[in-house]
Structures are given as C-alpha cells and as structure tokens.
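J.: What follows is each chain in one-letter form.
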Amino acid sequence: MLKIENLEVNYGMIKAIKGVSFEVNQGEVIALIGANGAGKTTILHTITGLVAAKAGKIEFEGQDLLKIPAHKIVGMGMAHVPEGRRIFQELTVYENLKLGAFIVNDKKRIEKNLEYVYAHFPRLKERKNQIAGTLSGGEQQMLAMGRALMSNPKIILMDEPSMGLSPILVSEIFQIIKEVSADGTTVLLVEQNAKKALAIADRAYVLETGNIALSGDAKELMNDENIKKAYLGE
Amino acid sequence: MSTLIDGLSLGSIYALIALGYTMVYGIAKMLNFAHGDVIMVGAYAILSTIALLGSPIAAIVVAILVCTVLGIFIEKLAYKPLRGASPLAVLITAIGVSYFLQSVAQLIYGAKSQPVTIGNFGSVAVGDTKISLAAIITLAAGAVIMSALTLFIKKTKMGRAMLAVSEDRGAAQLMGINVNKVITVTFAIGSALAAFASTFYLMQIPSTSPTLGAMPGIKAFTAAVIGGIGSIPGAMIGGMLLGIIEKISLSIPVLAPYTTALEFSLLILILLVKPTGLLGKLKREKV
Ligand SMILES: Nc1ncnc2c1ncn2[C@@H]1O[C@H](COP(=O)(O)OP(=O)(O)OP(=O)(O)O)[C@@H](O)[C@H]1O
Ligand SMILES: [Mg+2]
Numbered sequence: 001m002l003k004i005e006n007l008e009v010n011y012g013m014i015k016a017i018k019g020v021s022f023e024v025n026q027g028e029v030i031a032l033i034g035a036n037g038a039g040k041t042t043i044l045h046t047i048t049g050l051v052a053a054k055a056g057k058i059e060f061e062g063q064d065l066l067k068i069p070a071h072k073i074v075g076m077g078m079a080h081v082p083e084g085r086r087i088f089q090e091l092t093v094y095e096n097l098k099l100g101a102f103i104v105n106d107k108k109r110i111e112k113n114l115e116y117v118y119a120h121f122p123r124l125k126e127r128k129n130q131i132a133g134t135l136s137g138g139e140q141q142m143l144a145m146g147r148a149l150m151s152n153p154k155i156i157l158m159d160e161p162s163m164g165l166s167p168i169l170v171s172e173i174f175q176i177i178k179e180v181s182a183d184g185t186t187v188l189l190v191e192q193n194a195k196k197a198l199a200i201a202d203r204a205y206v207l208e209t210g211n212i213a214l215s216g217d218a219k220e221l222m223n224d225e226n227i228k229k230a231y232l233g234e
Numbered sequence: 001m002s003t004l005i006d007g008l009s010l011g012s013i014y015a016l017i018a019l020g021y022t023m024v025y026g027i028a029k030m031l032n033f034a035h036g037d038v039i040m041v042g043a044y045a046i047l048s049t050i051a052l053l054g055s056p057i058a059a060i061v062v063a064i065l066v067c068t069v070l071g072i073f074i075e076k077l078a079y080k081p082l083r084g085a086s087p088l089a090v091l092i093t094a095i096g097v098s099y100f101l102q103s104v105a106q107l108i109y110g111a112k113s114q115p116v117t118i119g120n121f122g123s124v125a126v127g128d129t130k131i132s133l134a135a136i137i138t139l140a141a142g143a144v145i146m147s148a149l150t151l152f153i154k155k156t157k158m159g160r161a162m163l164a165v166s167e168d169r170g171a172a173q174l175m176g177i178n179v180n181k182v183i184t185v186t187f188a189i190g191s192a193l194a195a196f197a198s199t200f201y202l203m204q205i206p207s208t209s210p211t212l213g214a215m216p217g218i219k220a221f222t223a224a225v226i227g228g229i230g231s232i233p234g235a236m237i238g239g240m241l242l243g244i245i246e247k248i249s250l251s252i253p254v255l256a257p258y259t260t261a262l263e264f265s266l267l268i269l270i271l272l273v274k275p276t277g278l279l280g281k282l283k284r285e286k287v
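Protein chains in written order, with the working numbering: chain A, 1 to 234; chain B, 1 to 287.
Wrong hints could be hidden among the right ones.
Distance condition first, Cα-Cα at most 35 Å in a straight line; then the derived DSBU-like pairs of lysine-lysine [stated by the list, open to error]: (1) A:Lys128 - B:Lys157; (2) B:Lys157 - A:Lys3; (3) A:Lys195 - A:Lys18; (4) B:Lys80 - A:Lys3; (5) B:Lys29 - A:Lys128; (6) A:Lys98 - B:Lys130; (7) B:Lys76 - B:Lys281; (8) B:Lys281 - A:Lys3; (9) A:Lys57 - B:Lys80; (10) B:Lys181 - A:Lys154; (11) B:Lys29 - A:Lys107; (12) A:Lys107 - B:Lys181; (13) B:Lys76 - A:Lys15; (14) A:Lys125 - B:Lys29; (15) B:Lys181 - A:Lys15; (16) A:Lys107 - B:Lys155; (17) A:Lys125 - B:Lys155; (18) A:Lys72 - B:Lys112.
Derived by calculation from the structure, the hints in this document are not laboratory data.
As the structure is a prediction and not an experimental result, all values here were calculated from the model.
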C-alpha cells in the first residue's frame with residue numbers, strides 16, 4: 001500500500017534521513033520507533049509532503065507521492081495526525097472536525113464521519129462548541145485524531161499520540177487506535193512509547209539516526225534483547 | 001455629533017484598508033507595503049471610467065475589478081516567487097512594487113493631482129447640526145461590507161480555510177487546503193476592499209495623485225497594528241478608533257496641527273502596554 005525506498009532527507013547541511021526503506025501493507029498496524037531526533041517525524045512529514053525529499057521514492061497505491069503537492073495527499077486517502085497535535089486552537093472543536101473533512105463534498109458523508117468520530121470520542125461531542133485551544137492535552141489529542149478520521153482515510157499516520165498524556169489516557173488512545181485498525185484503516189504509528197506501540201503493532205521498524213536499524217514482527221522485537229535494553233527500559 | 005459621524009466614516013475607510021494589511025499578514029505572513037498604492041490605482045480607475053463613461057456606478061465596479069486583478073497579479077508575479085524567502089527580501093520587493101505602481105501612474109496621468117467627482121452629496125440637517133451625506137453613506141456601506149466579510153469568513157468553506165491557513169499552514173495543507181489558492185483569494189479580497197476605500201476616499205476628498213495611497217496606507221497600517229495585526233476584528237476596531245481620534249483632534253484648534261503625531265503616539269502607547277495590539281495574540285511557536 002505504502003512503500004518507501006531509499007529515502008533521503010536533508011535540512012540544509014544536516015542529513016536527517018540517510019536512505020530509509022520500509023513498507024506498510026493494507027490492514028496492518030506498523031510501528032516506527034526510535035529515540036529523540038532519530039528522524040521519525042521527518043519521515044512522516046516527507047510522506048505527506050510537508051518536507052521535501054532529497055532522494056528516494058515514496059509510493060502510495062502505485063502513485064509517486066513525491067510528485068504530488070501536500071494538499072492533494074489527504075484526498076488520496078492518507079490522513080496525518082501530526083506531532084504536537086496542531087489542531088486549530090482558535091476554532092471550535094466542531095470547526096476543527098469540519099476542516100478535517102475539507103476534501104469531502106458529500107454532506108451526508110460528513111455527517112456520517114462526524115457520528116463515527118463522536119462514537120469513538122464522546123468527549124468531543126460534549127465539547128463540540130468549545131474553543132479547541134482550551135481543551136486539555138488528552139482532549140486535544142482526541143481532536144487531532146478525530147479530525148484526521150473525518151477524511152475517511154485508508155491509512156492514518158500518527159506521530160506520537162501518547163506524548164504528554166497520563167497512563168490512563170495513553171491506554172485509552174491506544175484502545176482507539178486498535179478500534180480504528182479493526183474498522184479497516186491501515187495505521188502507521190510513530191512512538192517513543194515502544195512498549196505500547198509494539199503491543200498493538202503487527203510489524204515494527206526501529207529507526208536510529210536516519211537509518212532503519214532493525215525491523216520485524218512486533219512480538220519478536222518485543223523479546224529482542226537489544227530492544228529491551230534500549231527502548232523498553234528493561 | 002457630526003464629528004463623531006465624520007470620525008466613524010473616516011474610520012470605515014481606514015478599517016477597509018487595514019483589513020487588506022491584516023488579512024494578508026495573517027494568511028501569507030507578509031507585510032504588503034504596496035497595499036496603499038492599490039487604493040491609488042483604484043482612484044485612477046474611477047477617474048478614467050468617469051471620464052470615459054460618465055457613470056460613477058460603472059466607475060466603482062471597474063475600480064473593484066481593476067484592484068482585484070491587480071492584487072492577484074502583484075501576488076503572483078512579485079510575492080509568490082519569494083515564498084519561503086527571508087522577510088526582508090519580501091519587504092524590499094513590496095516597497096519596489098509600491099514605487100513601480102506610483103511611477104506607472106505618474107507616467108500615465110502625470111504627477112499633478114487631478115479632480116475626481118463621484119457625485120455631489122451635500123449634507124443633511126439633524127436638528128442644528130449638519131451631517132455630511134458622504135460620511136453617512138461611507139459609514140453605512142462600510143458596515144455592510146465588513147459584516148459581509150465577517151459572514152464570509154465564518155460561514156464559507158473558503159473562509160474557514162483562510163482561518164486554518166492563518167493559524168497553521170502545514171496543518172491546513174494536511175486537511176487538503178490549497179494554500180496558494182487561499183493566498184490568492186486573500187489578495188483578491190484585500191484589493192477589492194481597497195477599491196471600496198478608494199471610492200469612499202474620493203467621495204470626501206475629490207482628487208487623486210500618484211501618491212494618494214501613501215497617507216491612508218500608513219494610517220491604515222497603523223490601525224491594523226493598533227488592533228493587532230492578523231486580527232480581522234482588530235483591524236475594524238483599530239480603523240474606527242484612529243478615524244474618530246483623527247476627526248476629534250482636527251476639530252480642536254489647539255490639537256489640530258499635531259493630529260498625525262497624536263495618532264502615531266497612540267500606536268506607540270498601545271504597543272507599550274500591549275505589544276500584540278488590542279486583539280492580537282502571541283503566536284505559540286510550533287514545534
Ligand atoms: N526544521 C528543521 N530544521 C533543521 N533540522 C531539523 C528540522 N526538523 C528536524 N530537524 C533535525 O532532524 C533530525 C530528525 O528530527 P525528527 O523531528 O524527525 O526526529 P524524531 O525522531 O521525530 O524525534 P522526536 O522523537 O524527538 O520527535 C533531528 O536531528 C532534528 O534536529
Ligand atoms: Mg518527532
């Protein structure tokens with residue numbers, strides 16, 4: 001479904017991504033884990049066109065994403081929940097969700113998507129007229145996820161959805177990721193919380209300073225001695 | 001009473017121009033210092049159309065079209081190639097565009113100011129005071145235009161896209177919003193508002209010259225900063241405030257000569273107390 005080949009990304013002189021290849025198949029939950037500064041966010045930003053690649057290929061359902069402007073990518077069925085949520089702080093919850101469905105023209109479809117989001121995040125329904133900037137961190141994360149789901153994505157990219165949340169909320173968010181996956185949406189999940197991510201992922205890639213250091217079945221990686229030491233704190 | 005109406009009417013003109021500065025700043029993150037000169041071009045469009053067709057209404061329509069197209073062209077030719085360039089480069093380009101427009105106007109129409117008559121409006125008597133009809137029309141039309149703009153931003157998809165781009169360009173792109181298109185629409189709207197400002201300006205001061213845009217441009221920019229640059233209601237409030245203060249100051253003989261100084265002092269005072277302007281918000285840095 002999504003195939004990245006020998007991707008290289010530079011920020012000026014800094015080589016952030018140095019030839020990364022991986023793929024995501026339809027229906028999978030793929031975890032991309034790695035330490036701070038490894039390049040996880042950069043990869044997601046390059047996939048959705050916010051950052052330009054220096055070399056390599058990104059193929060989504062047979063189309064070369066590197067040739068497509070950022071604003072056209074969501075229409076192809078790819079939603080991105082960016083790092084730090086980046087909800088529209090000055091707009092209401094409802095207005096944020098409507099913007100998530102910006103590319104959907106069918107009013108009925110928008111209503112249905114809204115119901116779907118409210119069913120998964122009842123809290124957003126209660127607070128639909130609240131200004132998004134006044135939501136709690138957890139609620140903002142829910143809004144960012146709900147906003148992405150409003151576009152009927154085939155694949156959803158999530159960048160550290162657990163960042164800054166209490167353990168209970170983290171569990172709640174991961175539960176919803178599982179549900180979204182069960183509903184048929186493919187998930188590419190970037191996480192620092194390797195334990196949680198590996199627990200719900202099918203496969204995982206471990207990124208170290210711009211390179212894929214390790215990859216494989218999520219359950220096997222969870223038992224890998226190096227992973228345990230470096231990422232699971234055991 | 002009549003000073004207040006005059007002030008509000010002048011304020012409407014400042015507000016209409018300030019909206020152009022503030023919307024472009026909010027959405028394209030740049031200061032379009034050529035904006036004042038769009039008003040001047042609008043004034044000449046009115047002058048020429050009246051000379052050719054004799055109809056003030058046609059003149060206003062032509063001015064709106066000319067300014068809108070001009071705004072789109074300025075953005076496409078001068079600013080779009082500089083997307084992502086340093087703010088200083090963009091600022092210098094804007095000043096260049098400003099001089100360019102003034103020079104072209106001077107080549108075509110000459111440097112001297114020329115009279116433009118949109119109509120004879122006279123005044124109406126309310127009790128003992130006489131109120132200029134032009135001021136009343138400006139005030140009423142300005143209120144209608146600004147309400148329409150507010151509705152457009154609140155209720156339409158394009159309006160919401162503009163708000164989204166002004167807050168977070170990257171996130172807006174992730175929603176499928178074409179940022180270039182939004183910026184083009186912003187310049188078009190800002191320039192159309194400038195054409196209305198030209199109209200109302202000429203109704204009160206019926207003459208134009210190549211530097212006509214300079215003073216109202218600077219005043220309106222001041223108004224936008226007072227209100228909080230980037231904020232649409234801020235531009236409206238800032239414009240009104242500046243218009244009223246200017247007219248009140250002009251009506252008091254001792255203060256009259258110092259009016260402009262007074263207005264800029266107000267700017268400095270407000271920026272000292274609230275650096276972001278009345279309604280401006282401090283932008284949180286995006287990670
Ligand atoms: N806009 C930028 N300009 C310059 N360097 C950048 C920029 N964004 C990221 N980098 C650098 O690129 C490298 C990868 O950053 P990236 O944000 O992709 O890491 P990450 O794996 O997402 O880290 P974290 O877990 O902390 O979010 C880092 O060294 C970072 O400093
Ligand atoms: Mg990151």
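J.: Given the hint that Lys76 of chain B pairs with Lys15 of chain A, test it: the Cα-Cα distance must not exceed 35 Å.
T.: Holds, at roughly 33 Å.
J.: Check whether the Cα positions of Lys29 of chain B and Lys128 of chain A lie no farther apart than 35 Å.
T.: Satisfied, since the Cα-Cα distance of roughly 29 Å is no more than 35 Å.
J.: Can the restraint linking Lys80 of chain B and Lys3 of chain A be considered satisfied, given a maximum Cα separation of 35 Å?
T.: 33 Å, holds
J.: Are the Cα atoms of Lys76 of chain B and Lys281 of chain B separated by 35 Å or less?
T.: 29 Å, holds
J.: Would you mind confirming whether the straight-line C-alpha gap from Lys57 of chain A to Lys80 of chain B stays at or under 35 Å?
T.: 28 Å, holds
J.: Is the Cα-Cα distance between Lys125 of chain A and Lys29 of chain B 35 Å or less?
T.: Satisfied, since the Cα-Cα distance of roughly 33 Å is no more than 35 Å.
J.: Regarding the pair Lys107 of chain A and Lys181 of chain B, is the alpha-carbon distance no greater than 35 Å?
T.: Status holds; Cα separation ~23 Å.
J.: With the threshold set at 35 Å, check whether the alpha-carbon distance from Lys181 of chain B to Lys154 of chain A stays at or below it.
T.: 26 Å, holds
J.: Keeping to a limit of 35 Å between CA atoms, is the pair of Lys125 of chain A and Lys155 of chain B held or broken?
T.: 21 Å, holds
J.: What's the verdict on Lys157 of chain B and Lys3 of chain A, does the C-alpha distance respect the 35 Å limit or exceed it?
T.: 33 Å, holds
J.: Would the pair Lys29 of chain B and Lys107 of chain A pass a check requiring their Cα atoms to be no farther apart than 35 Å?
T.: With Cα atoms ~32 Å apart, Lys29 of chain B and Lys107 of chain A stay inside 35 Å; holds.
J.: For the pair we were handed, Lys195 of chain A and Lys18 of chain A, check the Cα-Cα distance against 35 Å.
T.: 26 Å, holds
When held up to the earlier numbered hints, the structure conflicts with 6, 8 and 18 and fits the remainder.
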